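2 protein chains.
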Amino acid sequence: MTENKIPYKIYLEESEMPTAWYNVRADMKTKPAPLLNPATGEPVSFDDLRAVFCDELVRQELDNDTRYIPIPQEIQDFYKMYRPSPLVRAYCLEEKLGTPAKIYYKFEGNNTSGSHKLNSAIAQAYYAKNQGLKGVTTETGAGQWGTALAMACGYLGLDCKVYMVKCSYEQKPFRREVMRTYGASVTPSPSMTTEVGRRILAEDPDTTGSLGCAISEAVEDATTHEGYRYVLGSVLNQVLLHQSVIGVETKTAMDKYGVVPDIIIGCAGGGSNLGGLISPFMGEKLRGERDYEFIAVEPASCPSLTRGVFAYDFCDTGKVCPLAKMYTLGSGFIPAANHAGGLRYHGMSPVLSELYHEGLMEARSVEQTKVFEAAEYFARVEGILPAPESSHAIRVAIDEALKCKETGEEKTILFGLTGTGYFDLYAYQKFNDGLMSDYIPTDEELQSSFNKLPAF
Amino acid sequence: MTENKIPYKIYLEESEMPTAWYNVRADMKTKPAPLLNPATGEPVSFDDLRAVFCDELVRQELDNDTRYIPIPQEIQDFYKMYRPSPLVRAYCLEEKLGTPAKIYYKFEGNNTSGSHKLNSAIAQAYYAKNQGLKGVTTETGAGQWGTALAMACGYLGLDCKVYMVKCSYEQKPFRREVMRTYGASVTPSPSMTTEVGRRILAEDPDTTGSLGCAISEAVEDATTHEGYRYVLGSVLNQVLLHQSVIGVETKTAMDKYGVVPDIIIGCAGGGSNLGGLISPFMGEKLRGERDYEFIAVEPASCPSLTRGVFAYDFCDTGKVCPLAKMYTLGSGFIPAANHAGGLRYHGMSPVLSELYHEGLMEARSVEQTKVFEAAEYFARVEGILPAPESSHAIRVAIDEALKCKETGEEKTILFGLTGTGYFDLYAYQKFNDGLMSDYIPTDEELQSSFNKLPAF
Chain X
1 MTENKIPYKI
11 YLEESEMPTA
21 WYNVRADMKT
31 KPAPLLNPAT
41 GEPVSFDDLR
51 AVFCDELVRQ
61 ELDNDTRYIP
71 IPQEIQDFYK
81 MYRPSPLVRA
91 YCLEEKLGTP
101 AKIYYKFEGN
111 NTSGSHKLNS
121 AIAQAYYAKN
131 QGLKGVTTET
141 GAGQWGTALA
151 MACGYLGLDC
161 KVYMVKCSYE
171 QKPFRREVMR
181 TYGASVTPSP
191 SMTTEVGRRI
201 LAEDPDTTGS
211 LGCAISEAVE
221 DATTHEGYRY
231 VLGSVLNQVL
241 LHQSVIGVET
251 KTAMDKYGVV
261 PDIIIGCAGG
271 GSNLGGLISP
281 FMGEKLRGER
291 DYEFIAVEPA
301 SCPSLTRGVF
311 AYDFCDTGKV
321 CPLAKMYTLG
331 SGFIPAANHA
341 GGLRYHGMSP
351 VLSELYHEGL
361 MEARSVEQTK
371 VFEAAEYFAR
381 VEGILPAPES
391 SHAIRVAIDE
401 ALKCKETGEE
411 KTILFGLTGT
421 GYFDLYAYQK
431 FNDGLMSDYI
441 PTDEELQSSF
451 NKLPAF
Chain H
1 MTENKIPYKI
11 YLEESEMPTA
21 WYNVRADMKT
31 KPAPLLNPAT
41 GEPVSFDDLR
51 AVFCDELVRQ
61 ELDNDTRYIP
71 IPQEIQDFYK
81 MYRPSPLVRA
91 YCLEEKLGTP
101 AKIYYKFEGN
111 NTSGSHKLNS
121 AIAQAYYAKN
131 QGLKGVTTET
141 GAGQWGTALA
151 MACGYLGLDC
161 KVYMVKCSYE
171 QKPFRREVMR
181 TYGASVTPSP
191 SMTTEVGRRI
201 LAEDPDTTGS
211 LGCAISEAVE
221 DATTHEGYRY
231 VLGSVLNQVL
241 LHQSVIGVET
251 KTAMDKYGVV
261 PDIIIGCAGG
271 GSNLGGLISP
281 FMGEKLRGER
291 DYEFIAVEPA
301 SCPSLTRGVF
311 AYDFCDTGKV
321 CPLAKMYTLG
331 SGFIPAANHA
341 GGLRYHGMSP
351 VLSELYHEGL
361 MEARSVEQTK
371 VFEAAEYFAR
381 VEGILPAPES
391 SHAIRVAIDE
401 ALKCKETGEE
411 KTILFGLTGT
421 GYFDLYAYQK
431 FNDGLMSDYI
441 PTDEELQSSF
451 NKLPAF
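Going down the list, the sequences are from chains X and H.
If you're matching positions, the first sequence starts at 1 in my numbering and goes up one per residue.
If you're matching positions, the second sequence starts at 1 in my numbering and goes up one per residue.
Same shape as in the complex, but just chain X (with noise of 0.2 Å):
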């Protein structure tokens, strides 16, 4: 421990803090395929996603080119409040899996909403406050991207209305009473306030809801009331973009210690975390520099990259978003429901799409019940209790050093440790009941699910 002088957490100083964004769009040779409109099948306009969104993040959206994007001051002063977020060298796992593998996780947790997420719900709060905007609507499941940007729209005085997955709504009431407690409005989806979620319910009462499902009621509610705008907390470049800031502060705390990571490995449900945790890496690959293999994980019960198709998709359920080309499971796609690791996206970020369709990273999938092995053992030994969805990186973090173990290679390994689990209780209460199960879809029923996707 002491030879390398490497401490347990780096926190890099306020000065080193990063002052832009990285876009690895820029870095791209195939650019991710545009967005296109549902009603006509042409790439979307500045114009056409303006109704939607900012102006300003309709401009990122659309920004293939710029490779560096300087962070709003005001931002910066926000993230100081929880950023910068540690690099930890897991010391302590290392030597538990007696592993000659050199481990570091970037921590998202420490914040109140728990994830990475506030990343992005600051930067889209702050611009639709600086547009004059009333407020912001926007869909939730798990609550981590509620939490998040209640936060953000509590701290800016910004309205606040949150559509919760039904589900979740009913077994997170806690996720609901932070939000509640931050000045949000909370209500669960599909609800009767929205055209497309009367139109859901009366076709399926006793719908528990999607994501998709919310995401179509809270565009529906910002394009209909004035002052209004729509964000999303994941998929879209705009949001990988933001959470850039993550890798950008992990590859500054690694260049500073000369620490140079072989694998990077995050979870991937929308791709937010870790696109954002890849973006000056991935750049450097995709410029020649220098060579590191990145590993995707997802549930093996929602396998959009390992078993979706690469195809223009819809990104909600209710069609009225525009469609996207990207690793799909198809619009309709709904996890079994033993699901409980999150991560229930159908489909996944564009960028990271592209980038995994040509090669440049990898995808593996993993069942529940063996994330919440890896969770349990990492709490134990890192002292963390990790929520589901990052437990996902953690089992391929712990898979891979274990192959260390074997090849006695002192690979370096980075992951990305997204936020905590601490609404996640249900979850690890069924784990430590002995309760938790595996499902893995079959190819008929993704085949069923896929012959419903668009014909663009």
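Please note: incorrect hints may appear among the correct ones.
It does not matter which identical chain is meant; a pair holds if it fits inside one copy or across any two.
Stated by the list, open to error - Calculated cross-link-like contacts (lysine to any residue; reagent style SDA-like; alpha-carbon spacing at most 25 Å):
#, residue 1, residue 2
1, Lys96, Gln76
2, Lys405, Gly157
3, Lys5, Ser15
4, Lys166, Thr412
FYI, nobody ran anything at the bench for these hints, they're computed from the structure.
Note that the coordinates shown come from a computational prediction; the quantities given were computed from them, not determined experimentally.
Let chain X serve as the given structure and place chain H on it in line with the hints.
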């Protein structure tokens, strides 16, 4: 902000972290009164106490003379997993309040136990392990201490039995699951597994339990099982000693930036956080080197310092523990049912009691609706959802900062932010729904409790 160059958060370097605890008793002219053996009324001996506590912890409990007690390397290493905790300059709060005061808080909530309790849990578990014991028993109320102990024991591979106050066990199933995830067994108290539990249940079958009662059960469990000892999360001298890591880190960070606090504020239930935070500062005051104003903040519904008596009393309801001389409301005192803000112990650390008795420290009591108002305000402005306990300190820090606004004084205010409120959302929900009320015990109620004090 830039003129004084103090960052939003001060993190010590690993090399600056404390290597010794600070024992404030060494500086006290009048030492805290000794614990008494309830059977004999005589001061407890080393041998009396070692039936209950580990040998090394008994030594620390009785050591009134050694100012610096080295922190074993293994504990220092564990501390590195979640410490140093940040000393935060509350720029946002200062600006929002429009106060000329400079506000700092030491934030102990960035670990899975959610509070400062882990600082003593790891120390007590370490000494138990080192003595070759099988395990430890303890009580927990809100669950912060039990979670901390479960984490420490999970890390060291020590058996951990937690008696959890029944109403908390039922209202806080998630805390219970965190403990279980770390491998602890959790029993609602009073229970049928101990004699004292059965006795209390026979007297009052519908009791929802109390800390004092859970202590009795845990002590009985430890003393009737080979290889077990009892550990306690507050009140005791040894706990204040371990918690001095908070104060030593704070003082090191402030000294580094040339900052001297005028007022130091902490919430006080049993006194572990406040005692730890003030230790090195109080040392200076006791030695006449520098003056500080210290303020202990307690709930108006459980006002041991402000309305209790300074007398020998039992530490537990079952009267199996030694007697301590302290400010107490009587060991049978239980706060009103509507009390949601924690800090519900009937007594107060003998060290703090003595300091308060000598006029070296002030105390204030605050009503819980005012506490939750401060909590919500703080959450929105500083981005951290505070524990109700910690919010007592926030309340008084805000009050003091507003006084400075009136007088124009540029005082430097330091307070302890002991933990997060992620597991206190029932209480927040009550507040969000406008259903929270206050209760201040009447003089008659307190007198009736005082009348039952033991005649020592």
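Hints versus structure:
no.: 1; hint: Lys96 x Gln76; result: between (38 Å within a copy, 18 Å between copies)
no.: 2; hint: Lys405 x Gly157; result: between (52 Å within a copy, 23 Å between copies)
no.: 3; hint: Lys5 x Ser15; result: both (22 Å within a copy, 10 Å between copies)
no.: 4; hint: Lys166 x Thr412; result: neither (41 Å within a copy, 47 Å between copies)
This entry does not satisfy hint 4, going by the numbered hints stated previously; all others are met.
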